[in-house]
Every structure is written in structure tokens, then in C-alpha cells.
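Asks: Please assemble the complex out of the two chains, which come individually in their own frames, going by the hints.
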Amino acid sequence: MRILENTNFRFIDSRRKGYIISGILILLSLGSLAINGLEVGIDFKGGREFVIDSNEMYDVTAVRSVLSEALGTEPEVKAYDGDMLLVRVAGAEDVTTVQNAIISALEASFPETEPRVEGTYAVSPRFADDLKRGAIYSILGSLLVIFVYILLRFEWRFGLGAVAALFHDVTIVLGLFSILKGVLGFSLQIDQSIIAAFLTIVGYSLNDTVVVFDRIREYSGIFKSESYSAVVNKSINNTLSRTIVTSGTTLFVVTVLFIFGGEVLRGFAFALMVGVVIGTYSSIFVASPLVVELRKRAASTR
Amino acid sequence: MQGNGFKIFLTVFFLVLSGYYLYPSGQKYFLNQEMEAMSEDERQAFENENLVRIRSIDEKSLNLGLDLLGGMHVALEVRVDALVRELATDIDETFDDVLRAASETSNASTDGDFIQVFVDEFESRDGDARLSRYFRNEAAQITRRSTNAEVASYLQTEASEAVTRAMSIIRDRVDRYGVTEPSIQQQGSRRIIVELPGIDDPERIRGLLRGTARLEFRLMVDPAENVRSLQRLIDFYGSATDSSDVADAAADTTFDVNELLSGDDGGSGNELLDAMQPTGQGVELGIVAEEDTAAVNELLSNPAVQDLLPRGIKYMYTSAPIGTTAEGLELYRLLGVRTEIELTGDVITDARVDFEQFTNVPEVSMTMNSEGARTWARVTGANVGKNVAIVLDGVVYSWPNVLQRITGGRSNITNLDSQEEAQDIVTVLKSGALPAPVEIVEESTVGPSLGAASISAGLNSVMFGLLLVALFMIVYYRSAGMVADLALILNLLFILGILAGFQATLTLPGIAGIVLTIGMAVDANVLIFERVREEMSTGKTLKASIDGGYAKALSAIFDANITTFFVGVILYSFGVGPIQGFAVTLMAGILSSMFTAIVFSRIIMDYMVIERKVGVSFG
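Which chain is which? The protein sequence lines are A and B, in order.
In terms of our numbering, the first sequence opens at residue 1 and continues consecutively.
In terms of our numbering, the second sequence opens at residue 303 and continues consecutively.
Take the hints with a grain of salt, since some may be wrong.
Derived DSS-like pairs: lysine-lysine, alpha-carbon spacing no greater than 25 Å straight-line [as the list claims (entries may be wrong)]:
id	chain 1	residue 1	chain 2	residue 2
1	B	K842	A	K224
2	A	K234	A	K224
3	A	K17	A	K181
4	B	K915	A	K234
5	B	K854	A	K224
6	A	K234	B	K309
By construction, these hints were calculated from the structure, which means they are not laboratory data.
Note that the structure is predicted; figures quoted are calculated from it, not measured.
Pulled out of the complex, with its shape left as it was, chain B reads as follows (with noise of 0.2 Å):
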């Protein structure tokens, strides 16, 4: 016995290591029993009270995943290409060309370096061909001589820093929307987990994330210049047609919806025509149905179109529908604003919720910083009686006509839908806008009822699972069998330990991985006991036998854990999220049983044969 006394000390120093990293799990399943017990003004209370040691115990306790918590998954991709373009000055078509065929390759070769890609097929175009001509930069000393690898670092770290960026960004916008125990973390070079447990509103989640909170105000189209190029588009799209629709549709000032929908029917032989309804007054180009807005974009994008229509102008849409078709169709207004922009969102010191004075509509209200104010002073100024349009996210929100010059610096945005519309709003301005647009590559939502549902699926497995395998190892070899029973206890709260020592996540599929476990963990005692039930067959002494068991099985339990470990290792780091947590047990349960079986099943043996002379059956 003495000689096993590394062995004990082991196990005995697992043991309460295990001890000490699940204690504050076993504190907070008590705490939860107490809490529940409790009327709601008293768990207010006593939450209140205990504010510090609850949350220490909530960080140190094994986490669970949102799968069983319930809440909200996202995963997010900074568009590294809309960076470079806005990076970029003097766009011509090559750039244009190399960004869509390096958008092309890097999605295709994964999270792969898109800056990379990008200079590589810019140079495979033009080996001599410098990027430093639409990069030019004083700031980061990228001048007209810059190499190639010059910009492409500069462009790494402007495009590494607009992720980390984006990450703060939208941690800060999570924190002011108030989730508990948020979760916001890098993946790769471009990608951003965020984690949101028990999240009831999906839908604000995603616009909150997603929401560039690009403002900006800009001037907008001359009205007599508006109407002519309304002329122009449609005698360009309907030569056909007889060109007093125009004159008609600028004279009818009442706009009637049915007019629209009549023309919806394609009969008109006019393209542009057939997708919009012309009205031509003031900075209204037309009003279009919400599903034929990609189809006008692309009648407008014409390279041919855009030669007929005045430089530096653009046309945008309004955010709120001015009503709706008889399909129930939106119908939305298409303005034609300035491609110049007189102030952007950086100015906004302040924003805040308010109430439109007489009929209580919430709108939101701006604050600008000193610079900012003098030029809305000037802006506003030198265009009285003139419209500013109220742009965000590329979609004008409002339009006012400006009656006299303001000082001050402030604005609002209105024609807001709701409340909470109008929070996020002032969340997203106040948080800044990202630096590059994101994109909602992944999400998973879990209601709570769901996952709760899968926490009593987990459980019930396990428990299942470990009454079946115990029994029949006590069926199948007797007393060793409840050896190798308590073995597999002491696995669980092995495997249980190390998730929790690793703050690694519990998922469904971890819990199916530690139920594999069960099922395969009592492998290395099944070995060793059908050495031992050999050795003995040959006649040796129970003692001999267990010695001579325990050596022989001990190479097969080697080389058939480690092969399965890999496996996990490998499945580890090319999964995501459950499955990483079910590779994560998988890995714990193998060591975890190599060392039970190995050495803890082994004192129990000695023990019992040696110290206690008792005997051990293997059946």
C-alpha cells in the first residue's frame, strides 16, 4: 500500500480541485432554490443585498451554453471590402473590378486575409501598378510612392482596427440596450461573436448590431432640375410612350394610389414606367412599391441613365411607407439628394428620445458640438426656403424645409415608427457608428421553454445512462464492477471539474459527449478486468493477476484513448461553438477515465486485496 502514496495523493488532489472549481456551482443551484422560494420583492432585496457575491459566484460556476440558457447567438462579419472602398479616393473602374473579383476569391478561400487577396489580384492585373494612387493618405504617410506593401500594411491595420473598433462599438450599444452577462468576442481575423443570453426581443437585436448609424445631413435636388431629369429617365426607358405623362403626372399634384396600381400591370411598355409612379414635385422623383425598389435601382444605375441625370446627385428612399397597395405592399417616396454631405453623424454630441410636442409622436433629438452647429449655421443659412434631407443609413428620414438660418446645433430626426425605434436610434448615435458595415453571417435564437426542454433531455441521459452501464458492470463483475462503478462517479465529477476549471461552456452536445463518455469510460476498466479474469484463468494469485491485469491492458488503454483524443482535438478546432463543446468533454472524459481507471480503480484493488485482504470478484 505504501507505494501507492502518489497514487492517493493524486486522486486525492483532483478530487479537491474538482471540489474547489464546481463549489461555486453547487453554491449557486442552492442560492437559486433560495431565491426561488422567495416573493419577488424580497428576491429584489436580497439581490440587492448580495449584489457582490452573487455575481462572483454567477462568473466562477459552470457556464451553460445558450442552447440550454435560452438567448440569443449571433455571429457578425465586418465587411472588410466596403472598408477598403471607403478607404479609398479616386474610384475608377479597376478598383471597382479588383474588389469584386478579391471579394469573390476571399469568400470562397474562407476567413481568409481578404487585404491580402485584394493586392494580389490587383498586382496579377498590372505587376507596375501602384495602389498608393487611391490611398494616398498624409495622416499615415502614404504618399505617391508608397510600394504596394506599404499600403497593404496600412490597409491590415486600418482594417484590423476597424474590428476591434466594431467590437467596442457593439458592446457598448449591447450595454446600453442592458443584458446580463453579454458575451462579445473576436473570431479570426473579421468575425464577431456576440452571445446574448435569454434575449426576448430577437428582432431589435439584430437592427442594434447591424446598425451602421450613418447620419448625415445633405442638401438636396433643385425642383426644376428634379422635374427635367424625370423627363429625361423616362424618355430614355420609353421612347414609345408619349411624353405628356411626364407633364401630367408633374401637373397632378393630388398622388392617388390606385393610379399606381393600375399601372402595376406592365401594360404601359415603359420600364421605369412600370416600376415607379413619376410625380416630379419638388425633390420627388417618384414614388415605388417596396418590391420594385431593386428593380428602379438597377433602371437608375444605367451607366447611360446616370450620363442623362445631373452630377452629384443621388437618389434615396424615405424610411417611413406613405402607404400601402392593395396587396399590402408599402409604398415608399424616391428623393433626389445631394451626393456632397454637409455633416455627418461625428458632430452628434448628444442624442436623446422625444416626444413630438402636439400629437406625442417619439422622435429623436440631436445635440451637435461647436464645429458642428457653425456649419449647420452656414449650411442653413445660405439655403433658406430649401430642403435638408435627414439621412440614416443611406435612407432619408426627413426633409425639412428650412425656414431661417439655425443656430444651436440641433436637429431631429422624426417619422419614426415607434419608441423603441427611437431608442435605438439614439443608442446606436451615441455609441458611434462602425467603421466598416457588418453582416449577420450566423444567428441562433433559443427560447427559454426550449431550452429548458433540452437541460431535462440532458439530464435524463445522463442519469439514464449511468444506472445502465453501473448495473450491468455489477451484473457482469461483481465487486470489481462496483469498483469501476465508483470510478465512473468520480469521472463524472472529473470531467465536470475540468469544465468548469477551463471555464469551457456546458452544451446539449456536451452533455451527449459526457453520456459517450459514461458508455466508453468504463473501456479501460473492461480491459483491465478481462486481463485479470486471463491472468487468473492461468492460475496465478488473485494479487498476481490484478498485478499482471493492470501492466497488460495498459498499452491497448493507451494507444485507444489517444487516438480518440486527437479526434477530439481535431474536432475542437475546426468546430464552432456546440460542437467545440461537445469535443471539449469528449477530451475531458478521455483523460478523465484513463486516470480513474488507471490509477484511482488500482488503489481501490490494492486496498481491498492487499490492506484488507477481502477479496475482490471479478465475476
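Looking at chain A on its own, in the form it has when it is part of the complex (with noise of 0.2 Å):
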């Protein structure tokens, strides 16, 4: 069986077509995360997160009333991997007294059902400043390390390309969790896991594109007469096939995941998801089409 083998696209002729694509994603996703903003998880900024259990289900609009008026602010209470619930509480009150309060308020309103915790989750304002810190550093790190390793490995221009097409691939991530905010079925808060499936994108991301970039290498020894962006062109199309399979058995996985990974790597394998996909996208139409720019305008200069 064969996919896309031997195919000659006009990827590089075509290139604006894939800027006007990615520019609209990216001005949309710079739009609604200055104006939807993201859903920030405890991780990030402390709080307190109950999952609780019971015989019976739970109404979680009436809930949330209940317990609105029992803790005295607005808690977030949504339904847990089919019958449980999940609330979380913001603010820095001791765990036990805020669990005590939930279970006794929901013991009273609802005298019928058996409410049981079954798990907490509790991070203080200040270790949620350590783990903000600790994300931040670990994404800058990595783009930076990337970075030198490509310029080491290749050239300056595609070290940019490679880092652009990553702000690319991660901004439209965001850009969609900020999108998509409240109105899917399941949580999109940025904690600490979704920052490791950014990471991970990141790195398959670029594990598309340096695939590109080093037959760009090989074929630029080989096909001198020819001109540059004909040999980026060439070598996209000849590693196009490579590129399918492997983000369609990536694919396969992550969509694996979030059907059987259960509630809570939910949001981690939604942004995979997504992510390969438009890692696979700007691995063709953002980072190679970057390289071939950037060369012209050397050229053109000199």
C-alpha cells in the first residue's frame, strides 16, 4: 500500500496560500486569547479541587447552587468521568474545612445520596507560582535549546524556520483551548499536563520538520543546477508520504488516548491531537516555505 508517494505538489509556488491560512489562525488565536482568554487550571493558580463520589448522580446545576451558598463563592462543579462530580474551589482555606463544608452541604440538600470524596488536589498560591515559573522556564528552554541545535546541526535559517513554525504550532493550540473554552464537554484549563503536551508538540513538531529539513540538506548537495526553492519543493514532496504515515499512526495513538485515557488526560490528548496536525501542516507550509524566504532575501541582497 502506498500513500502520496511520488507526488510533485507545488508546495513551495503555492507558499502564500499557506501563509494566508496560518495567518488568519494565528490572528484568530491572538483574538480570542486577548478576548476569551484561557481557562487557568490550580495548578497555575492555586486552589483546591474535589472529586467526589456518591450512589447517586448528581444534578450539577443544583449543585453548584448548593454549594455557592454553603462556601460563600461561586465554585466550579462539573460532572466526573460519567457519575462523579468535580469541584473546584478557589481561595487558600484549609482542605479539610472546605471538604467538611462540601460534603455536609451536599449531605443536607440531598439527604438521599451517600457523597464520598474520592480524591483532592490542593496547591497553595505560592507552589502554583513555582509551577507557573517552572513551565515558563521549561517552554523558553526548550524553544531556546531547539534552537542551537539546529543552527548547530543545519543553519541559522532553518533554526528560525524550525522556531517560527513552533510559535506557529503552539499559538494555534492556545488559540483553539481559548476557542473552544466551555464549550466542549471536557476540561481545556492549562495546568501542568497540558503544558507537557505543548512541549510534546513541540517536539513532534519539530521531529516533522528537521525530517524536511535534512533531506533539504541532502538534496542541496546533490541538485546544484537546480534552483533552491525547486530542491525544498522536491524534497517535501519526497518525504510527504514519511510524513503521513507517521502522523497518522501518531494520530492514531492520541485519538487511543482520548477515548480510553479516561478524565483526566482528556485535555492532554485533545492538544496532541490537535497538535499533530498542525505540526504536520507547518512542518510543510510554515518552516521550509520560511527557509526558502529567507534565502531569497539573502540573495537578493547580494
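Replies: What follows is the structure, given as C-alpha cells:
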């Protein structure tokens, strides 16, 4: 079986279309990030989270109003893994106190149920600051290391192209998280696991980009008589079937994670699903065309 | 094939190594199955008989994270700022200002070195000022002439010792509580990570970990003085109110809860009376509802008020509420105690849970060492007819009236809620007081059923992911795809072997990392196979195509994987807990997938093409 073998798409010639699509996506993302913002998880702002199980299912809206009254603040209440409840409370009071308040309020308002706390997660605002800082460092660190590595193995234009593609990917996935905030049936909060997902997207997208770059590097030595953009185009075409196969298998497994991985991994898997698609797109339509663009500029100034 | 000798050796070597590291995990699995089948009694007997063996298997087998196993994870932070304040003498306003500023900056700059921030802050206010004036200590050779650097290094030592000591004390408490396989580790300069599998009472653990168990015996305020103080306080806060209030209250020996409730509406125009029901009986200043304690503390700490109150007296709440208001708010007594501490918990040599003879209410009885007993006898002898307060962690548990001189160094803590509370106080007293307060900065608890759900979610994902990718590879690449699938399975084995070998912990994100690796691991093979196809299309022989394919794909595989590996390294160094688990499996997956694709699948290809001459189809 073969997919997209010996193709000869004119990727480089039609790169403007790619720029327009990417431009629109990035503008939409930035717009939504500015207006809609992101939902930040308690990892990065502090708070308490309780998973509550009971013999009977709760009505989420009713629970929300009962708990708002009991706690004096508006908690976030969601269905969790089918028949459980997820309650998220901001602030920094003692976990035990809040937990007892929630349970006694539920018992009082829904006497027929037997609420039980299955899991808790609490982060103090100070610790959350540390986690946030760690996340920022790891993102910046990754980008820097990647840039330097590509610089050493290839040349600076490739490094710039790759890093631009990474910014492109992360911005669009973040934008999607912002646009879909509250629309989907699962949590799209930015927490540590989402940061891990972003870094994996970065790694994955780069993986794709580097394979194309590697081919460009090889072909530049072989097809010296052809124009640079023709070489790049040939490289993209000849790696296309590998790109699609690997993206396909990776997309398979992250979809499996999305379906079977449970509530904890849902946001993570979703980020990866989107990230794989965007990352594949960007290595073809953003990273390599940018290298051509940078080359052209160099040639014209020379 | 001869040329592949080293490759075969490597593969077999890694295979044996993985097998060696995974063997105990396999043993554990079968052992659990075996034990599951037994009855409760049989299992107990079996466990006792094979204790050593079970423990050694447990130790060597693959660690499961608390998110899979169920249990409690707590990150504690030792409050170095509180320690510094404790070490200091002659504390003045400047000192407190500097300390506060240092706490703020230090918090903003994460796990940074608090002592350094503190010293810098101090020096920035007055370059010539000497820290030694606060920290004179002969034992540590800190004199008036010590430089700030010397003081700083003394504080550093004290701080790092405090963290080490706190760790051993917490370990002791956890052991006394009885947790199987707890893990207690230091993280950074002042954090302690406690992992407790299978905990069913997180509330008790929280108290146990945080409990400073600062036990103090203090004398109390003189009753006549107490009434005068109350009068002055009320006058200060409510010159508008008529001052007969106090006299009334003091005379009113039966305290009426309803009176407090009616006073609660804030109509009196006296801030203090709004928050507190004044009584002025004996050592008691008044009665305060739970929610008003902060307000009362604030009112009492007003510097102008402090001048009105007798020197050497501070006010503390009682441990057990004396009743509740109609709204369910608990009411506590506010008692005047002397700031001077007569005896501390250091003199306690033994503590145990006891029951009051007639009521059978649990209490803690304590025995003091000889020095403590002597002091206790002297203090009680000199204060017959007066009250002494037994204070634990800043709360008064009991304040008995001394009937006679107490010799023999015995004392007890009463007014406890439950036997568990008594037990926990005993645990904390016996393990000793923490050198500095600790604070829970992060915690998570996972119930056993949530953990089990995560395990099955993880297993399902691995299984379906593997199945889907394996099928695809066979359909797409035919027999070469089968080789890739074999490599994939070997890959899975290696990853688990690496995890077991490095004693890493498998978490749910870690399993996600494995699933992701299954999808990405075939990439190296895909790169090679696509190259082989390209070579074949130029008309080369199968053998030449395989040679060319492997050779040409190498640089792409290497460059593509190493960057992702870097991302894994960074994720590991900045992430915490579960995220590190993800990073570890990601890195392990990259290494093993490169190995299986480049070395292992090549051996099989060569074997099939050169040795067996059966040929390989690349689809």
C-alpha cells in the first residue's frame, strides 16, 4: 500500500496560500486569547479540587447553587468520569475545612445520597507561582535548546524556520483552547499536563520539520543545478509519504488516549490531537517555505 | 551476518537486562494473583511466612505512582522565615520589617535562598548595620563582632539542619502512624515531599505532618489584673458605650449564649464588644465565636492597646469550644496567659493515651525528665491556688488550678476530642517538636477506585494504541511492517525495563508517554522503509536498497529524535511529579525506539534477506 508516493505538489509555489491560512489562524488565535482568554487550572493559580462520588447521580446545576451558598463563593462544578462530580474552589483555606463544608452541604440538601470524597488536589498560590515559573522556563528552555541544536546541525535559517513553526503551532493550539473554552464537554484548563502536551507538540512538530530539513540538506548537495525552491519542493514531496504515515500513526494513538485515557488525560490528548495536525501542516507550509524566503532575501541583497 | 555479531550481542544484552529488571514485577503480579485466591487467614499466614521475599520483590518491582495506586501526596515547606525569627533575640521593628520584606521577595523568586534574600534585604537598608546584634549565640560562636557573612553562614547551617531534622521527625511520625512503604524526600532547599500509598484518612495525616507539638506550661494572668485590663480595653474601643457594661459582665457569673448572639448584630458601637462577649472571670477575658477570632486578634494587637495591657501577658484561645451559636458557630474562651514559658515539651520523656477514670474520656498523660520534674515542682509549689495553662501549638488545652506542689513530673492534656486526637498528640510529642513550622503547599489524594480507573484507562490505551499501529504497519508495509511490529513490542519491553532499572515511577501521564511513544516509535522504521522503497524504485537490488535505506535514513532519525529527547530532558528538570513520569517514559521511548529501529530491525532484515534468502516485502 502506498500513500502519496512520488507526488509533485507545488508546495513552495503556492506557499502564499499557506501564509494566508496560517495568518488567519494566528490572528484568530491571538484575538481569542486577548478577548476570551484561557481557563487556568489550579496548578497555576492555586486552589482546591475535589472529586466526589456518590451512590446516586447529582444534578450539576443544583449542586452548584447548593455549594455556592454553603461556601460563600461560586465553585466550579462539573460531571467527572460519568457519574462523579468535580468541584473546584478558589482561595486558600484549609482543605479539610472546605471538604467538610462541601460534604455536609451535599448531605443536607440531597439526603438520599451518600457523598464521598474520592480524590483531592490542592495547590497553595505560592506553590502555583513556582509551577508557573517552571512551566515558563521549560517552554523557553526548549525553544532555546532546539534553536541552538538546529543552528549547529543545519544553519541559522533552518533554526529560525523551525522555531517560527513552533511558535505558530503553540499559538494556534492555545488559540483553539481559548476559542473552545467551555464549549466542549471536557476540561480545557491550562495546567501542568497541558504544558507537557505543548512541549510534546513542540518536539513532535520539530521531528517532522527536521526530517524535511534533513532532506533539503541532502538534496542541496545533489541537485546543485536546480533552484533552491525547487530543491525544497522536491524534499517536501519526497518525504511526504513518511510525514503522512507517521502523523497518521501518532494521530491514531492520541485519539486512542482521548477515548480511553480517562478524564485526567482528556485535555492532554486533545491538545496532542490538534497539535499533531497543526505540527504536520506547519512543517510543510511554514518551516520550509520560511527557509526559502530567508534564502531569497539573502540572494537578493547579495 | 557475521558483521551483525555485535548488534546481536547488544540486543540480547538489553533484552536480558530488561528481563532481569522486570522479573520481580512479574513475580509480584503472580504473587498477587496467588494471594488474591487465598482466604483472609491463609493470606495472613502466607504473608508472615514470606515476609522477606515479598518485601524484596516489592522493592525491586516497577513502582506505580500514587495516581494509579491511590494514596496521598503532600509537599511541605519548612518556614525558614519563622525559624530565623525564632533564632533571633532582641527583635525590634526593623528586624520584623526586614523579615517581612524578605519573605515577600523570596516567595516571588521561588525556592530561592531565603537566608541570602534576608541578609541582602538587611544590608540594603543600612550597609553598616550588623546582624550579629540579633543572633548572638555563644555555642555557635556568634559574638557582637561577627560579620554578617558569618551570621549568614550560621543561619544557613541552622536552616539546612532544621529541614533535615524536620524530615527525620516527619519520617518518625509517619512510621508511628503506620504506613506501608512511605516515601519522604527533600526537594530543593526547604521542601519535603511525602508520599503515602493507601491512606484513608487524609485529615489526620495533615494534622500529623503539620503538628509542631510545641508544648508549653505557662502561668496565667492575675484575675484582678484581668478585670482591669478588660475595663481598659472596652473603654478604649468604645468611649461612647457606657462603661457599666464591664461591671455587669464581670458580675454576671452565668454566661448566656443568647446574650452573645444578640450582641452579634453589631449594634453596640463598640468594635471589641461586637466581636467578643466580655466576661472577665478569673483568667478569662471573654468568649469569642470562631469567625470573630481574627477580628479580636487584630483589635488586641493594636500597638496603642498593647500599651494598656499589662506587660508579659498574651491572650490565647481554648482548644475545645464551650458551645455553639444558633448558626452553628463554635464559641471559644479567650484566656490571658503569661508570655514567659515555665517548661516546654523538651522535658517530656514519655507520653501515652489514657482515659479519665470516671468519664472514660481520652487524655494524654506525660512523664517529665528529672530536671523537668524539679522545675514543675518548684513552679507548682510557688503557685498553689493559681491556674497554670497547658498550651499546645498556641492553643490552651487545659488550665487547671494548682491544688498542691506536684512532684514526680507528671502532667496530662485533657479536653481532647477523640481517642485519635489523643493518639496523634502522643505521636507528635514522642517524635519531638518540629524545629520550625511547616506548611502544606501542595497535596493530592487519590482514592483506590479512582486509581483503579486510571490503571484500566492506561492499559486500554496501551492495548488499543498498539493494536491499531501494529495493524496499520502490516497493511502498509507487509512483511517489513511485521518486523517493525516486532521492534515495537521489544521497544515496549525496553521502556518498562528502563523504568524498572532506574527505579522510576510509572504514573498515568507516564503511560500516556508510552502510548505516544508507540505512535512515534514507528517513525524511525517508517523513515527507513520509505528510504528503502525509494532506493528500490531506482532499480537497486533488495539488499542494496536495504543497505542504502538504513544508511540514508540515519541522519534524519538521529536529528529528529535528539531534539525531542532534549524537550524530554527539559520537561524532566522543570516539571514535578506526574509530569516527570511523562518525561521519563518519553526519553526512554526515544532511546529504545532508535535502538530497535536502527539495530534490531536491521538484524531481522539481514537475517531474512542474506541468511534465509526469503526476501522482505516493503509493500
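Asks: Where does the structure disagree with the numbered hints, that is, which hint numbers, in rising order?
Replies: Those not satisfied are hints 3, 4 and 6.
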